Amino acid sequence: MDINGKPNHIEDYLVRLHTGQWFGWSDSKNKVYANLIIHDSSKTKPTEQECIDGLAQLQADYDQAIIDREAKKASAKQKLQDLGLTVDEIKEAFGI
Amino acid sequence: MAYIGTIPAEAYTSFAVQHFTTSATDTFTLDFPVANENEIALFINNVRQEPGSSYAYTASGTTLTLSSAITGSDSMYCVFIGKAVQTVTPASGSVTNDMLAGSIANAKLANSSITLNGSAVSLGGSATITQGITMADQWRVNTDFTGDNAPISSNWEQVDTGGQGTLGTAMSQSSGVFTFPETGIYLVTFQLTYFASNSSSRTDFSIQVTTNNSTYTDVALGQVNGTSGQNAYSSSFINTLIDVTDTSNVKVRFKNNNQDNSNTIQGNTNYNATGATFIRMGDT
Chain A
85 MDINGKPNHI EDYLVRLHTG QWFGWSDSKN KVYANLIIHD SSKTKPTEQE
135 CIDGLAQLQA DYDQAIIDRE AKKASAKQKL QDLGLTVDEI KEAFGI
Chain B
2 MAYIGTIPAE AYTSFAVQHF TTSATDTFTL DFPVANENEI ALFINNVRQE
52 PGSSYAYTAS GTTLTLSSAI TGSDSMYCVF IGKAVQTVTP ASGSVTNDML
102 AGSIANAKLA NSSITLNGSA VSLGGSATIT QGITMADQWR VNTDFTGDNA
152 PISSNWEQVD TGGQGTLGTA MSQSSGVFTF PETGIYLVTF QLTYFASNSS
202 SRTDFSIQVT TNNSTYTDVA LGQVNGTSGQ NAYSSSFINT LIDVTDTSNV
252 KVRFKNNNQD NSNTIQGNTN YNATGATFIR MGDT
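Read top to bottom, the protein sequences are chains A and B.
For the first sequence, my numbering assigns the number 85 to the initial residue and increments by one for each residue that follows.
For the second sequence, my numbering assigns the number 2 to the initial residue and increments by one for each residue that follows.
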């Protein structure tokens, strides 16, 4: 993940796939799919494509969550304005 | 007696005088060695004699040689003018190291031993002084994880990024159980970094110790919390002192309980996000 929490590596997908320390890397300095190892024998190693697709889905979800959050803020702000609050009052009271 | 000016540093108490038992000879033995005849004033029958090989006498070491023999009826004495018998007390603070002919004998010292680390050490002997810190080690988890882990058993590595370093014999680690290299009192610190994705849930974590290599007890506890409405990283440290009396039985491990598995505990191979530090503080 980057500093804002946006997924940017297949590890971000893997860590959400199962709980616990079920996976690791044969070379922790080179975290590529070829170095992916499974510690928990009860878990199946995902394919590389699954990892790629899974990461892409997480990134899309992250972006959509931001869009949704901004939309909700805008909607809430408009509803408050419709009730008669000024922009300054809304910002002071709700921070939006 | 009062002085005008600086008081002399040396106080001469007397000159040495030797009265000879005379006989018909020209050679006598002096009480004190001299460099040459000029260091004595020689009197025969109360008449001062002229020193020198061309004159009345010569002297070297303790041998006095007259230019001609005297008789047993003559009287003779000499004054050691180059040998003043004296008692000299050096002025306070005036004796320097350069004035010493050699090392001061241990027997001449008021104390023949000193105490190091509670043990007497003879002067001139040797003792090993143990360093204050002889062991410091640091490990981290190199991969993110979720869930409840008792212990955190995988993906441990000793720190190895450029600029990082350790001291002394390393800890050994197997499945998340850390074994100390020797007995002693250790400071153990555990750092955990947590990422909460729009969640106010938390993770609890602890340092656990066993004294029988079997049953573990929490000895340090911590908690990090997320914040609802935000993606946020949080870090927290906990620590404890461990008395390692037996390296086979006293061991430590680390545990976490994650309340929300959509949130992750951060591991990294390039920097310390979640990991442990071990410093040996001294003997048990």
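Calculated from the structure, these hints are not laboratory results.
Keep in mind it's a predicted model, so treat the numbers as computed, not measured.
Beta carbons are placed, not taken as given, at the ideal position from N, Cα and C, and that holds for glycine.
It is possible that some hints are incorrect.
With a straight-line cut-off of 20 Å between C-alpha atoms, the simulated SDA-like cross-links for lysine to any residue are [claimed, not checked]:
#	chain 1	residue 1	chain 2	residue 2
1	B	Lys256	B	Gln231
2	B	Lys256	A	Lys113
3	A	Lys90	B	Asn226
4	A	Lys90	B	Asn262
5	A	Lys90	A	Gln141
6	B	Lys256	A	Thr103
7	A	Lys113	B	Asp161
8	A	Lys175	A	Arg153
9	A	Lys113	B	Asn226
10	A	Lys115	B	Pro152
11	A	Lys127	B	Asp149
12	A	Lys127	B	Thr162
13	A	Lys157	A	Lys175
14	A	Lys157	B	Ser198
15	A	Lys129	B	Gly148
16	A	Lys90	B	Asp149
17	A	Lys113	B	Asn273
18	A	Lys113	B	Gln231
19	A	Lys175	B	Glu158
20	B	Lys256	A	Lys115
21	A	Lys156	B	Glu158
22	A	Lys90	B	Ser198
Pairwise CB distance ranges, derived in the manner of DEER restraints [as the list claims (entries may be wrong)]:
#	chain 1	residue 1	chain 2	residue 2	range
23	B	Gly166	A	Ile87	40 to 48 Å
24	A	Gln148	B	Asn214	44 to 52 Å
25	B	Ser236	A	His93	16 to 24 Å
26	B	Gly283	A	Ser125	52 to 60 Å
Among the hints numbered above, which are violated by the structure, and what are their numbers in rising order?
Hints 1, 2, 9, 10, 12, 16, 18, 19, 20, 21, 23, 26 contradicted; others consistent.
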